[in-house]
Amino acid sequence: MSVQDLEKIFQDKIDADIRIEPKDWMPDAYRKTLVRQMSQHAHSEIVGMLPEANWITRAPTLRRKATLIAKVQDEAGHGLYLYAATETLGTGREELLDQLHTGKAKYSSIFNYPTLTWADMGAIGWLVDGAAIMNQVPLCRASYGPYARAMVRICKEESFHQRQGFEILLTLSKGSEAQRRMCQDAIDRWWWPSVMMFGPNDDASPHTAQSMQWKIKRFSNDELRQRFVDICAGQVKILGMTLPDPDLVWNEHRQHYDFGAINWDEFWSVIKGNGPCNKDRLEARVKAHEEGAWVREAALAHAEKMSRKRAS
Amino acid sequence: MSSSTPLLEYTLHLADDVLILGHRNSEWTGHGPILEQDIALSNIALDLIGQARNFYQYAAGLAGNDSGESIYPAGGGGVVTEDTLAFLRDGWDFRNSLLTEQTNGDWAKTILRQFFFSAFQVDLYEQLAVGRDTTLAAIGAKAYKEALYHLRWSSEWVIRLGDGTDESHQRMKKALEELWKFTGELYIPAPYERWAAEAEIGPDLSQLRVRWKERVKEVFDEAGLTYPVTEWMQTGGKEGRHTEQLGYVLAEMQFLQRAYPGCEW
Ligand SMILES: [Fe+2]
Ligand SMILES: [Fe+2]
Ligand SMILES: [Fe+2]
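Quick mapping for you: the protein sequence lines, in order, are chains C and L. In case it helps, the numbering used here puts the first sequence at residues 1 to 312. In case it helps, the numbering used here puts the second sequence at residues 313 to 577.
The shape of chain C in the complex, shown without the other chains (with noise of 0.2 Å):
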């Protein structure tokens, strides 16, 4: 058969909204697509632990803290699915992490941004989360198999995490005098960060269009995160607190919240490196990975030596 067939079957499938398993034949430019796109989702699990870790120690009563660790539990459980899933199209997870140890690979910039006070344990869940969400459940019928699977599961569990992050808030936005300030604190420093998860405006975003195409986005950057404004403007007023944007306005014709330009030096400056935080959370996962060596090393020689001893 020849390419030209083959990448018609591939499409038809697609537009028959057929899953494309791992054993099927796909462009190599659809695998590329996927891969880059699914370790950097599964980095952004593992690097998202590390602000929330932050402040498993210090969180401010037993269950806050349980609830926390296993929130940062869950995201690691996230980032497993993922590279399993991207090892379906033939990338292991010791590569990918190099990818991402050396810099080559990408990971969200949201996760750059510091966690200064308690109260950015409610912001990240509501607000992080609460995007990530808004990114996510339209991949869970994503066209590749093992990635919409992996995000069927993940999604269950982001969802779980905004409330617990909304829910932080509003106790928050009930209590102190200062309790208050740290929540509207939060809020003023996670909203724009998050409201650039959803990536470049569409005329400057690159991929979309052969990423809709393949299926493996179903909406334009644009629309996500008009959605994730207007949800969340309803949302604060729950909580008595302000959205930091001044042009933040309904707009009754357009059925949709008119809001702010959005800071792209900003967000071109951070991923190219310069967020507070990037530094020091990939030297974290550095760290880690350096200082586990001689453990996943250790653990190796053992197996092997067992399984010497059970075949002689």
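Please keep in mind that the hints were generated in silico from the structure rather than gathered at the bench. Heads up, some of the hints might be wrong.
List of simulated lysine-lysine pairs, DSSO-like, C-alpha gap at most 30 Å [stated by the list, open to error]:
| no. | chain 1 | residue 1 | chain 2 | residue 2 |
| --- | --- | --- | --- | --- |
| 1 | C | K279 | L | K421 |
| 2 | C | K272 | C | K215 |
| 3 | C | K104 | C | K305 |
| 4 | C | K287 | L | K421 |
| 5 | C | K104 | C | K23 |
| 6 | L | K486 | L | K454 |
| 7 | L | K529 | L | K486 |
| 8 | L | K525 | C | K305 |
| 9 | C | K104 | C | K215 |
| 10 | C | K309 | L | K485 |
| 11 | C | K156 | L | K457 |
| 12 | C | K309 | L | K493 |
| 13 | C | K156 | C | K215 |
| 14 | C | K287 | C | K305 |
| 15 | C | K32 | C | K174 |
| 16 | L | K457 | L | K529 |
| 17 | L | K486 | C | K287 |
| 18 | C | K32 | C | K215 |
| 19 | C | K305 | L | K454 |
| 20 | C | K309 | L | K486 |
| 21 | C | K287 | L | K485 |
| 22 | L | K525 | L | K454 |
| 23 | L | K486 | C | K23 |
| 24 | C | K156 | L | K454 |
| 25 | C | K305 | L | K529 |
| 26 | L | K525 | C | K287 |
| 27 | L | K454 | C | K309 |
| 28 | L | K485 | L | K525 |
| 29 | C | K23 | C | K106 |
| 30 | L | K485 | C | K305 |
| 31 | L | K457 | L | K525 |
Label pairs and their computed distance ranges (CB to CB) [as the list claims (entries may be wrong)]:
| no. | chain 1 | residue 1 | chain 2 | residue 2 | range |
| --- | --- | --- | --- | --- | --- |
| 32 | L | A441 | C | K279 | 44 to 54 Å |
| 33 | L | T542 | C | R181 | 51 to 61 Å |
| 34 | L | R570 | C | Q213 | 55 to 65 Å |
| 35 | L | E489 | C | R93 | 44 to 54 Å |
| 36 | L | R464 | C | D247 | 40 to 50 Å |
| 37 | L | R570 | C | K272 | 32 to 42 Å |
Here the structure is a predicted model, which means the values were calculated and not measured. Even for Gly, the Cβ is constructed at its ideal location relative to N, Cα and C.
Mind docking chain L with the ligands on chain C? Use the hints.
Below, chain L with the ligands alone, put in the same frame as chain C:
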């Protein structure tokens, strides 16, 4: 001001042990050597903190039952809760054993600390589960299964590291040197433990010690580690005399409750 009772002190001791060890383990979350093991150790941290909550809730009830004002710190409305007990007592009121508060060190030290403790905890909880205090028995019965899993997981790692490579073996030896002196305290009964044994609520520690030694020897044999012949054991934690490590744990853990007293979180 009413005084504490042995039952309350015993319950706090049980709670403090698992809170402090759980807290230490949770310092690894996000930084583990292997993703799967990061998850496994976080899971153990979660189990231990869950156990601590059960014990503290019971202790809070006991403290509240005291006639008059409790000697333990209360929160808003003068109520003693799991959180006032965990976040508002100072080090001299913490009754955890010294082993649990030791710093994480490397993976070898963390693993060995967990192994020593779990090898003690399985028998402790098994006995607690058949003891005369129904609440402690119920907590013990549930937590026993968790402890069994922790023991299996940590035993496997002690064996892996002891047997694995030269480096891992050396690191285990070093961890053993650092931690061994804190293992004796587990079996030297504090007054409230003696009371618990007499009241048939908790185990007779001298009997548990025999079983612990067997468990540790068995795993050490497989790991190629030598069971130390010891001598000097550090003590005091169970009666509020701690190593310098505990102060830092509390400073970090209690920060928010201390900086913003009387708040809901
Ligand atoms: Fe996640
Ligand atoms: Fe995610
Ligand atoms: Fe999440």
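So, against the hints stated earlier in the document, which numbers end up violated here? 3, 6, 12, 15, 19, 23, 26, 27, 35 and 36
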